[in-house]
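A.B. asks: Based on the hints, put chains B, C and D in the right spot on chain A.
Number of protein chains: 4
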Amino acid sequence: MITFRNDYSQVAAPEILKKLVEIMKDSFVGYGSDEICDSARAKIAGYLGREDCDIHFLVGGTQTNLTVIDQMLKPWQAVAAVDTGHINVHESAAIEATGHRIEALTPHEGKMSASDLDKLCATHTDEHMIRIGAVYISNSTEIGTIYTKAELQAIREVCDKYGLYLYLDGARLGAALTCKENDLTLQDIAELCDAFYIGATKNGGMIGEAVVITNDDLKPGFRNMMKQKGALMAKGFILGVQYDCLFTNDLFFRLARHENEVAEYLVKKLNELGVRFFMDSPTNQQFIYLKNEAVEELKKNYGFEVWEVGEEETVIRFVTSFASRFSDVDQLVSDLKELL
Amino acid sequence: MITFRNDYSQVAAPEILKKLVEIMKDSFVGYGSDEICDSARAKIAGYLGREDCDIHFLVGGTQTNLTVIDQMLKPWQAVAAVDTGHINVHESAAIEATGHRIEALTPHEGKMSASDLDKLCATHTDEHMIRIGAVYISNSTEIGTIYTKAELQAIREVCDKYGLYLYLDGARLGAALTCKENDLTLQDIAELCDAFYIGATKNGGMIGEAVVITNDDLKPGFRNMMKQKGALMAKGFILGVQYDCLFTNDLFFRLARHENEVAEYLVKKLNELGVRFFMDSPTNQQFIYLKNEAVEELKKNYGFEVWEVGEEETVIRFVTSFASRFSDVDQLVSDLKELL
Amino acid sequence: MITFRNDYSQVAAPEILKKLVEIMKDSFVGYGSDEICDSARAKIAGYLGREDCDIHFLVGGTQTNLTVIDQMLKPWQAVAAVDTGHINVHESAAIEATGHRIEALTPHEGKMSASDLDKLCATHTDEHMIRIGAVYISNSTEIGTIYTKAELQAIREVCDKYGLYLYLDGARLGAALTCKENDLTLQDIAELCDAFYIGATKNGGMIGEAVVITNDDLKPGFRNMMKQKGALMAKGFILGVQYDCLFTNDLFFRLARHENEVAEYLVKKLNELGVRFFMDSPTNQQFIYLKNEAVEELKKNYGFEVWEVGEEETVIRFVTSFASRFSDVDQLVSDLKELL
Amino acid sequence: MITFRNDYSQVAAPEILKKLVEIMKDSFVGYGSDEICDSARAKIAGYLGREDCDIHFLVGGTQTNLTVIDQMLKPWQAVAAVDTGHINVHESAAIEATGHRIEALTPHEGKMSASDLDKLCATHTDEHMIRIGAVYISNSTEIGTIYTKAELQAIREVCDKYGLYLYLDGARLGAALTCKENDLTLQDIAELCDAFYIGATKNGGMIGEAVVITNDDLKPGFRNMMKQKGALMAKGFILGVQYDCLFTNDLFFRLARHENEVAEYLVKKLNELGVRFFMDSPTNQQFIYLKNEAVEELKKNYGFEVWEVGEEETVIRFVTSFASRFSDVDQLVSDLKELL
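So the protein lines, in turn, are chains A, B, C and D.
Letter by letter, the first sequence follows residues 1 to 340 in our numbering.
Letter by letter, the second sequence follows residues 1001 to 1340 in our numbering.
Letter by letter, the third sequence follows residues 2001 to 2340 in our numbering.
Letter by letter, the fourth sequence follows residues 3001 to 3340 in our numbering.
Extracted from the complex, chain A is given alone in its bound form (with noise of 0.2 Å):
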C-alpha cells in the first residue's frame, strides 16, 4: 500500500541505519554526554553559526514541548498559542498537566497574528486572571504553512513589549526552511526565538528532537527538567547519531527539499485533475476535498488522513516523506482520476 499518511512511517533514512550499523560494537556513556552526542551539537552550531546555544536531544514533540514550556513559565503564567496548535488540541493536555493554561487565539492560516498576540497581552492584567509568560508556535503549522520572517519578528516584537519568551515548535522545521516561499534561515530562527526545536522524527530521523536554547536564562537546570520530565534517554548516543547523520552534508536539508518537491508534484498534478484544495500549502502536507464515496474507495489502496467529515465531501491530508516517490504520486493521481 501507497502511503501518504504522514511523514513518520518509515524507520529512517539510510544513511542514519548505517552508521547505528557501524557503530553496534562500541561503547558510549549514557544520557547524552557521549562524543557523537557532542559531534551533532557542534554541527548544528555550525548549522547556527554561533557556540552560545544549548543543544539538547529529546525524543518526542509532546514531551519537548512540555519539558520547553514548563522551564519557560512560573506559576501564574499562561503559554499562548493558536487554537489549531499542536499543544492546544493533540497532546492531551500535556502542557495543563505541568500545571500551565494555554490561552488560545484564532489562527489566520493556521498562524499567530502579532496583534492578536498584542491585544490579549493586554487585557491579561487582572491579577485574577492568569498572565502570559510565553508564545508557543509551530513552524511549519499544523496545517502546513509557514511564518514569513516579517511575521515572526512582529511576534517578537510583542514578545519583548511584555517580556514574554518566544518558542519555536520545529516538529516540521525542515519542510518550512526548505520550501519555496520560505525567507527565513536556521540563524534568523536562533536569533529571533528563545528556544526551538529541530525535529528529526517527521524529516527521516529514527527518533530525536533537537531543542535549541538561545537564552541563557533558560539554560540552568534544563538536564535536570528533561530528567524529570522522563526525557533524558539513557542510550543518547542513538539520538546522538541522528543528528550528527542530518547534519553533514546537509543531510537534514536535502531530505526536506524532497519533501516539498513531491508534494509541489502531487499539488501540479491534483490541480491538474481539477481537485478542489482546502487551503494553499507551500509545504509537505496538503489537504484537498473528495466527494465522501471516493474517500472510501480511495482507502482501499492508499493510507492518508481523514481531516473533516463533511455531509457530502470529505477533506483529506496527504503528506510526503523523505521516502515519498514522484511514482507514488503518479500512482495515486492516475487512481484518483477515475474516483472523481
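Just so you know, the hints here were simulated from the structure itself, not pulled from any lab data.
Please note that a few of the clues may not be correct.
[What the hints assert, rightly or not] Distance windows between CB atoms, simulated:
#1 Lys3025(D) <-> Gly2049(C): 30 to 38 Å
#2 Leu2273(C) <-> Lys1074(B): 52 to 60 Å
#3 Ile23(A) <-> Lys1074(B): 42 to 50 Å
Ideal placement from N, C-alpha and C gives every residue a C-beta, glycine not left out.
C.D. replies: Quick look at chains B, C and D alone, frame taken from chain A:
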C-alpha cells in the same frame, strides 16, 4: 576502553539492528497501532500465558514510572518505596512533579519489607497525612538484589489488606528472572502485580520499556495518559521491533542470562583476588571496595561507576551487559591484581 | 459612599456576628469536627431532605472549585465549562494548576447548552485529545442568569450518556433559588448534581462555601484533598457558625430574596429612566449601558464594577447584597437621572 | 471541659470581635485592597522597621506554605525541611501536589542544622537528582523549640552559599518571639529570611496568616499566585481586621506572652509533681509522659493531644492559648496529682 559502566552502553543486540534494516523500506501506521507492535504484544502475552493484559511500549524508565504511578494514584495518595528506590533518588522528583509524594521506607538489602509497609499504612490514617495508594518496588533492585516469591507474595498481601496497587519496576527484570537464586516467573509477577514493566534498554534493546497492566481498573485512559506524559512515540513500530525480537526464541532471557553468567564469573575471579564486596548480589550489578588510588588508576582503562567515596576506600560498581565478554573480565582481573 | 460593587462588601449578617460573640468564651475541637459544624450539617441536610450527602465547609470559591474538580478528574480528563465560566476567566488558572484542562464552550446567556456539551464529548474521542470527565456550571451564572429545571436535566442526561460528573458552582445559589423565574429547588440540585456548593460569602456569610457531595464515589478522601489544597480550616467552627445561622429560620433564603427584591426594584426604576440593559437578568447582578462621561461622574459617589468599555458607552454592573437598601436605589436613580 | 488541646480552640481575642461588630455597617472593596488591610500592613511595617516588604494576608497555614514555596521554586527544585516539619507530615502532601519534592533532614530538637543543610546541598549536584531551591523552617518548631539568632544566621549563610531562598513558617511566631530564651526580633527575621509569615490563627486571631516578602525576586505575581491557590479571600478586610487589631498596642505580643507565661507556670507545677517531660520546650507546647491509664482518666475532663502511644506510657501534649487561665493549670495539676 573496556566498560563495565552500565548495561546500556551499546546500540542493541544484533538481531534488533538486523530487523530494523530489514523493514526499512516498509511503512507503518503511527503510535504503536502497527502490526509489529501487535506481534510483539502477542509474543509477550504468550510468555505471560494469558491474554487479558494490556501491553504498552514506552521509551524510558523514568517516563514509564511516572506514567504508571500517576495512573494509579488519586491526588491525595502517595506511593511507598524504599529510600534507595530509583524514583526516590535518581529521577529528579519526576513523581512529585506529577503531584504525588513518595513515602520512603528503609530498605533491607535494597528491598522493601512487607512488615515495614504494613506499619507505614497502619500509621497513615490521619486525614492531615497523605494516604498510601500504591507500592513501587524494583526487581532486580538498584543494588542488584532480587525478590523471592515469598517476599513478593507478602507485599501483595499487605497491598490487598490496604487496597494498594503494586507496581514493579522491571528495568532489570531480565537479570532478576534469569539469575540462579531466582524462584519467580514472569507469570508470577503478572499474577502478583497490578502493573509492571519489562525493560529492554538495559537488556539488549535499543530503547523501550514494555508496560504490562494486569488490573482492569488501570487500563482505561492509559494511552491518553501516555500521550499526556510525552510517552506515546510517533514511530511506535521502532519499539515494537525491540520486543518482537527480544521475545522471539527467548532472546530476552538469553541476553539476561549471559549478563548474569559474566557477572558470576567476575565475582568468582574477584573473590579469588581477595577483593572485598560491598554486598552480595546475584545479578549483573556488583559492588566492591577499592583503595582510592587504585580507583584512580583503574579509571584510565576501564569504565565503571563510583558509588560511594570514603576516606581511604571507594565503593565502585561493575555492571555486565549483553555485550560483555568473559575475556573482558579476565583483562580486568589481571589489571586489577596489579593495583591491590 | 453607597456601593453596588458586589455582594461581599460587608462583614456579615447581624445574626452571624451575634452568634460569634455569644460563643467567644467556648472552646471547640478543630478542623470542622465540632458540634456547631455538625449542627450546621444537620440543618442543611434537613433542607435537602436527605441524610446521605457529605457536607464540607471550605473558605472561598476558587478554593472550593479547584478542590472539588480535582477530586472528580483523572489526570487525562478535562472539565467542560462555558468560556465565561468563573474557573475559565477569573481564577488565575487554578484548575490548570491542578493539572487539568478546561474545555470551553460558547455560552448562551451565560449558560451551557446540553447539545453543545454532547457535541464536545462526541468529538473528544481521539486518544491524542483530552477526555471530558466533568462539567462545571454556575447558578446563578457569572452574568446573573439562571438555569431552568429542564436545562439542568438536559445537561444531566448528557453527563449520564458519557459518564461525566456534574458540578454546580453555587457562589450565588441563594440568588438563583429565590428569584421569581426560578423553578429549581435545593433538592432538585442535589438530585441532578454529583456535587455542588452553597455559597455564603456572597449571601450574608462572613466567609464560607458549603460543598454538598451526593455521589458516593466522590466522598472518600475528600478531607485529605481539602487538607492538601489548604482548604481544611483549623478553626472550622467559624465556618460552622455561618451555616448554622444561615440555615436557621430560612435566613439564607431571606437574605437572598432581599437581594433579588432590591435588584428588581432597581430594574423597575432604571427602566422608568429609560436606561438600556446589556442583558436581562432575574437576579442580583444587573448590567446597563451608560455614556462614558456619566460613568466617570457616577464613580464619585457610587461603588460599582466596569464590565466592558466601549468608545462612547460603557457596560457597568450593579450588584445588590443582603445589606442593600431600597433607599440606596432611590438615591442612585435620582442621581443617575441627572447624568443621562 | 478545660482544654489544652491547642491554641486555636476559641473564636478570637475580644478586641477583634469588637472591631468586627464596630464596622459591620461599613462597606469595603474586595480582595485585600481595602483601607483596613492597608492600615494593618502599615502597622506591621512599623514593627518591622522597614517599608520595603510586601505583606499579604492569607487564610491558613497549609495554604500559606504551599503558596510561598511554589513561588520560590523552579519545577526541578526541592525544598529542604526537617522530617518533623509541618509540611513534611501534616499537610497531606500539599507541597508535592504543587509538583515539588521535600528533602527531609533529621531534626535536632525539632530544628534544622545548618551543617546538615550544607551537606544535603553539597551531595545534590547530580543532574538525575533534584536540586535544593529553598529551605523551610518553623519557629517555634512543631515541638515548641525555638531558633537562636546564631542558628538562623548559620542557615542563612548556607542559603547564600548555594543560592537558596529561606522561608520561615511563623504559625507560632508569637510564642517564639516572646519566650524567655528568645534572642531574635521580628526585624532579625525579616533581615535573615526571604519570606516568612506571622500567624494569627494560633495567636488570638480568628483566621489569618500574614506573609512578609522581603526578597524582591519573590514579589512579582504573588497575588496571581494567591488567586490560583485559592488564597485571595474575597472579604480580605476580615483578615485586615485581625492584623490591624493584633498590631495595635502590642496585642499580638501580649497574647503570645500570656500563652508562654501560662505554659511556664504549667511547667513549674508539673515539675513540682515530678512529671517527666518528653523534651524541654520554652514555649506554649509542652510534652509529658503519663501512664496509659492516667491518660484515659484525664481525657474525661481535659482536652489535650496524644502524641505517641507506648506500651505503658503515652506522650501527651498540652498547648496553652491566649485564652488559657492560670486557674485552669491549677485545676489540671490538682486533678493530675490524683492520677500519678
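A.B. asks: Now look at each hint and say whether the structure bears it out.
C.D. replies: Structure-based check of each hint:
no.	hint	result
1	Lys3025(D) <-> Gly2049(C): 30 to 38 Å	holds, 36 Å
2	Leu2273(C) <-> Lys1074(B): 52 to 60 Å	holds, 55 Å
3	Ile23(A) <-> Lys1074(B): 42 to 50 Å	holds, 46 Å
Consistency with the previously given hints is maintained throughout, with no hint failing.
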